[in-house]
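**Student:** Sequence:
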Amino acid sequence: MAVAGMPLIELVARRASRSGHEVVVATSDEHYDTRIAEHLEHVGIRVVRGALDDVLGRFVQATEDLDPTDRVVRLTGDNPVMDADVVDELLAAMDESGHAYGRVDIDVVPEGLGAEGFWVGDLRRASESTQDPYDREHVTPWLRRTLGELLFAPKANPGEPARYRCTVDNLSDFDRVSRLFAHVEDPVAVPWTDFMDALSGDIAEQGPTVRTRDTSELRQSAFVVGGAHLSGDHAPDAAEVRTLLDTAVVRGVTHVEVGRADGRAERVLRAGIEPQLTRRLGYISRLRPLEAGEALAVEASLERTFAELGRRSVAAAVLAGPGDAGDKAWARLRKYHATGEVGRLGVSVSSLDEVPKALALGEIGYLEMPFNVLQALPEETERALRSAKVVVATYRTYDGGALLADHPAAKVLASLADDLGRDGVDDLCLAYVLGHDVITSAVIGCHSDQEVRRNADLAAREPLSPAEVQQVHDALSKVRA
13 MAVAGMPLIE LVARRASRSG HEVVVATSDE HYDTRIAEHL EHVGIRVVRG ALDDVLGRFV
73 QATEDLDPTD RVVRLTGDNP VMDADVVDEL LAAMDESGHA YGRVDIDVVP EGLGAEGFWV
133 GDLRRASEST QDPYDREHVT PWLRRTLGEL LFAPKANPGE PARYRCTVDN LSDFDRVSRL
193 FAHVEDPVAV PWTDFMDALS GDIAEQGPTV RTRDTSELRQ SAFVVGGAHL SGDHAPDAAE
253 VRTLLDTAVV RGVTHVEVGR ADGRAERVLR AGIEPQLTRR LGYISRLRPL EAGEALAVEA
313 SLERTFAELG RRSVAAAVLA GPGDAGDKAW ARLRKYHATG EVGRLGVSVS SLDEVPKALA
373 LGEIGYLEMP FNVLQALPEE TERALRSAKV VVATYRTYDG GALLADHPAA KVLASLADDL
433 GRDGVDDLCL AYVLGHDVIT SAVIGCHSDQ EVRRNADLAA REPLSPAEVQ QVHDALSKVR
493 A
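So the sequence shown is numbered by the working numbering: it starts at 13 and just counts up by one.
Simulated from the structure, these hints should not be mistaken for laboratory data.
Among these hints, one or two may not hold up.
List of simulated lysine to any residue pairs, SDA-like, C-alpha gap at most 25 Å [claimed, not checked]:
#, residue 1, residue 2
1, 423, 369
2, 490, 389
3, 369, 435
4, 423, 394
5, 369, 342
6, 347, 364
7, 167, 193
8, 490, 401
Could you build the full structure based on these sequences and the hints that come with them?
**Tutor:** Following this line, the structure appears as C-alpha cells:
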C-alpha cells in the first residue's frame with residue numbers, strides 16, 4: 013500500500029525521523045512481512061523482526077542497544093499524517109510534567125495522531141514483569157497500570173477527533189489519506205497541521221458536527237439515528253441506507269438505535285453499513301417485548317440481534333419496559349454485561365410516569381423515554397434523572413411527524429420558531445428536547461440521507477436556553493387550555 017510514491021510504513025518512518033530521531037520498524041517474522049522488511053532495509057531504515065503476537069518483545073529487541081535512561085516513542089505504521097513535531101511536543105510535555113509515561117489522548121485528538129512515550133528501562137521492566145497475552149500484544153498496558161499516564165493533546169489540536177480522522181484502517185481511509193498527500197510537493201517535510209487545515213475545508217463543506225453532551229463511556233451523540241424506519245413498505249433501498257449511514261458517521265453521529273421488533277431493520281443495517289463504518293458506529297438494541305420477564309426470552313432476543321447485526325456486542329441493551337425487567341431477565345442481561353457483550357443495561361418507558369420505576373432497577377445505565385415540545389418535564393423527574401448515572405435518550409421528538417404537519421398547535425409552533433430565531437418547527441422541536449440538559453440524545457428515525465443531513469444540522473445548533481424552554485411551555489399551555 014503506497015502513499016505519496018512510497019510504501020505507507022516508509023512514509024510514516026520518514027516523517028517521524030524528520031527532526032533527527034532514530035526510527036526502527038519492529039515488524040513480525042511472518043512470511044508476509046518479508047517483502048516490506050527487505051524494502052525498508054534497502055532504503056536505509058532499520059528493521060527488527062519478532063513474534064507476531066509479542067509486540068512488547070519486539071520493542072525490547074528494537075531498543076536493546078539503548079540505555080535504560082533513553083526514551084522511546086511508540087508509533088503505528090498506519091498513521092502517515094503523524095510526524096516528528098507531535099513526537100517532540102509529546103516529549104516536551106512529559107519533561108514538563110515529570111510523567112514516565114505519556115500518550116496522545118485519542119478521545120480528544122484525531123485518530124491517526126497517536127503516540128506513546130516511555131523510558132527504555134521501564135519498557136524492559138514491563139517485559140520482565142508480565143506474560144499476559146494482552147500486555148504482550150499491546151505493549152503498554154503494564155506501563156499505564158504501573159506508572160500512571162500523561163494524557164496529551166498538541167497545542168494545534170483541531171478537536172472533533174472523528175471528523176479529522178487521518179489513520180488508514182480500510183480502503184475509504186486509504187482514499188482519503190492518498191488525496192491529502194496527492195498534491196504535496198514534499199510528503200516528508202509537510203507538517204501535520206497543514207493536513208488538518210486541508211481536512212477542515214472538506215469538513216466545512218460536509219456540514220457542522222453533531223454535538224456530543226454525553227460524558228459516559230458511550231460518548232453518545234445528541235442525535236441518534238432510529239433504525240425502525242429502515243424496514244417496512246416505505247423503507248429506503250440498500251444504496252440509500254449505505255449513504256445515510258455514511259453521512260451520519262461523517263457528521264458525528266455515534267449510534268444507531270434499532271429494535272428486535274423492527275421488522276428486518278437489523279438485517280438491513282448489517283447489509284447496508286460499509287465495513288469501514290462498523291468500528292465507528294455503535295448499536296443501541298431494543299429487545300423484543302418479553303413474556304413474564306424470562307431469562308431465556310432475553311437470551312433468545314439478544315442472540316438473534318447479534319446474528320442479524322453480524323457483531324457480538326451492543327453499546328446498550330434496552331428492555332421494552334420496566335415490566336420486562338424481572339429478576340431473571342435482568343440477571344441474564346447482567347451476565348451479558350459482565351462478558352462485555354452488552355455495554356449498558358437499559359429500559360424503554362412508554363410514559364414519563366414510568367421513569368421512577370425504571371430508575372429503581374439496579375445497575376440501570378440507559379433510559380429511553382417519550383418526550384417532545386408538547387410536554388413539560390416534571391421537576392421530580394428532572395431531579396431523579398439528574399441524580400441517576402444514566403444515558404437518557406428520548407423518542408417521538410416530532411410525534412411521529414405530526415408536529416411537522418397539520419397539528420392543532422402548528423401556528424403557535426411556527427410563531428415560536430420565528431420568535432426564537434429557529435430554522436423551522438423541526439428545529440424548535442429538537443432544540444426544545446435538547447434544551448433539557450438531563451437529556452443526552454434524541455433518537456430520530458430517518459428514511460433518507462436528506463433527513464439525516466437535516467437532523468444533523470439541527471443537532472449541531474445550540475439548544476434552547478432554560479428561559480426559552482419555559483417560553484415555549486407557557487405558549488403551548490395556553491393552546492392546551
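**Student:** Could you check the structure against the hints above and give me the numbers of any it violates, in ascending order?
**Tutor:** 1, 3, 4, 6, 8
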